[in-house]
Each structure stands twice: as structure tokens, then as C-alpha cells.
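Each chain, written out:
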Amino acid sequence: DSGVTQTPKHLITATGQRVTLRCSPRSGDLSVYWYQQSLDQGLQFLIQYYNGEERAKGNILERFSAQQFPDLHSELNLSSLELGDSALYFCASSPGINTEAFFGQGTRLTVV
Amino acid sequence: AQSVAQPEDQVNVAEGNPLTVKCTYSVSGNPYLFWYVQYPNRGLQFLLKYITGDNLVKGSYGFEAEFNKSQTSFHLKKPSALVSDSALYFCAVRGPWDARQLTFGSGTQLTVLP
Chain A
1 DSGVTQTPKH LITATGQRVT LRCSPRSGDL SVYWYQQSLD QGLQFLIQYY
51 NGEERAKGNI LERFSAQQFP DLHSELNLSS LELGDSALYF CASSPGINTE
101 AFFGQGTRLT VV
Chain B
113 AQSVAQPEDQ VNVAEGNPLT VKCTYSVSGN PYLFWYVQYP NRGLQFLLKY
163 ITGDNLVKGS YGFEAEFNKS QTSFHLKKPS ALVSDSALYF CAVRGPWDAR
213 QLTFGSGTQL TVLP
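Sequence lines, in order, name chains A and B.
Everything in the first sequence is counted per my numbering, starting at 1 for the first residue and increasing by one.
Everything in the second sequence is counted per my numbering, starting at 113 for the first residue and increasing by one.
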């Protein structure tokens, strides 16, 4: 168990809908990262927050947004969902730049 | 921009034989290198990292990796493979400053045959 908790584990929704994925980082970790894993794109970095502030952006679509709350948990919002958004979404946290990131079990999103 | 290449999609090895999973990287400055393993329907588990120091780093489950700066490589190795090592392995790099996120390779599926 990495200590990073993601909910829900599975999500099935229709095209055009909006969903929210939730992540609780390891206790004390200030950095939260979101990644998307799909068969054709591999593991893609989406966005990073550090202590509530956005720090880095990767290949995140405009339909997607994220935030990190004062208690350090983070949410990834996906809207106007398309079939191609079906993927495994991972959250990871780390205490600092020199350390490894610890990954949650992921949320499997299926858009039908 | 930083990048990682894992040239082999699939590696097959017999149980008890040594295994190598290859990784090369590109990054400005000194790299921070990581290996992760992913079992089916699970998240990524950290195996080992190289930040600085000895070029040979040891990690979990008997794995080790060798950092080679001149070849920009960070190959994962294990002297004697187990069937339970069968999984998807990812190499990742993080730049020493601005780019704090991990950039992952495409992954290598390791199959250890009994």
C-alpha cells in the first residue's frame, strides 16, 4: 500500500458527461501529480500541484481541470467526456523533488 | 524537454536466468532516474532510483540498475529472474530543476517463463 488513496476505483459514464476523480496523498506529501494511462498514449503527465498551487502542466486537455485543496487532497475534473478519454487515471504524491513519487491504485474510467 | 526510451516492448526470459530491461534517457543537466513496476490492475510500485553517487543502485525484490552517463542509460537488472517478476516495467526521468514531473518510458512487458 503506497498510502495514496484514489476514489472511485471504477467509473462508467456516458459521452458528454462530467466526472470528478479524487486523490488523497500520503500524509505529509505536498506534491500531487495526475497521470493518464492509455494503451495508445502510455503514461502521460497531466498536471502537478504543490501545496495548493499549480506547478506544472503536461498534456492536459482544456476539458480537464484539477485543484488541490487546503487539506492537500486533489480532484481531477473531466468534462464533455469523449470515448477517447477512457483510461486509467493515476494520482501520485511525493514529499520533495529528490524523492520518488508514490502512486495510487488508479481510477479506471470507461466512457460509453 | 526530457524523454525516456524503452526500446523493447517485450522481454522474455527463463526463470533463474539473469534479466535486463533497457532504458535510455534525455534530459538537461544531471538526471534523476527511477524504475517502477506495474502488476495487472494495480498502480505503479517504486523499485529504485538514482539521484547521485554510486552508479549501481539496488532496489526492491532483488532488482538493481546501472547508471551510465556516457551512454545515457539506466538499465534494470536482476541476477536470477522469478516467474513472479512478470509485470510491466517503466523507466522514468525527472530533470534536476524546473521539470518536476516524472516523464515515463513506454513500458516493457517482462515475462519470466517457468
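The hints are simulated quantities; they were obtained by calculation from the structure and are not laboratory data.
Here a beta-carbon is modelled for each residue, glycine too, at the ideal position from N, C-alpha and C.
Treat the hints loosely; a few may be bogus.
Computed, partial: chain B to chain A, Cβ under 8 Å [unchecked claim]:
1. PHE146
2. TYR151
3. ARG154
4. PHE158
5. LYS161
6. GLY165
7. LEU168
8. VAL169
9. TYR173
10. ALA199
11. GLN213
12. THR215
13. SER218
Think about it this way: if two alpha-carbon atoms lie no more than 20 Å apart in a straight line, the pair counts; the simulated EDC-like pairs of lysine to aspartate or glutamate are [claimed, not checked]:
14. B:LYS134 - A:ASP1
15. A:LYS57 - A:GLU75
16. B:LYS161 - A:GLU75
Checked hints:
1. PHE146: holds (6 Å)
2. TYR151: violated (11 Å)
3. ARG154: holds (6 Å)
4. PHE158: Holds, about 5 Å.
5. LYS161: It holds, given that the least Cβ distance between LYS161 (chain B) and chain A is near 5 Å, below 8 Å.
6. GLY165: violated (12 Å)
7. LEU168: Interface hint status for LEU168 (chain B): violated (18 Å vs cutoff 8 Å).
8. VAL169: violated (12 Å)
9. TYR173: violated (15 Å)
10. ALA199: violated (14 Å)
11. GLN213: OK, holds: GLN213 (chain B) within 8 Å of chain A, min 5 Å.
12. THR215: holds (7 Å)
13. SER218: Since the shortest Cβ distance to chain A is 5 Å, the answer is holds.
14. B:LYS134 - A:ASP1: violated (27 Å)
15. A:LYS57 - A:GLU75: holds (15 Å)
16. B:LYS161 - A:GLU75: Roughly 28 Å separates the two Cα atoms, so the pair is violated.
Consistency with the previously given hints fails for numbers 2, 6, 7, 8, 9, 10, 14 and 16, ordered from lowest to highest.
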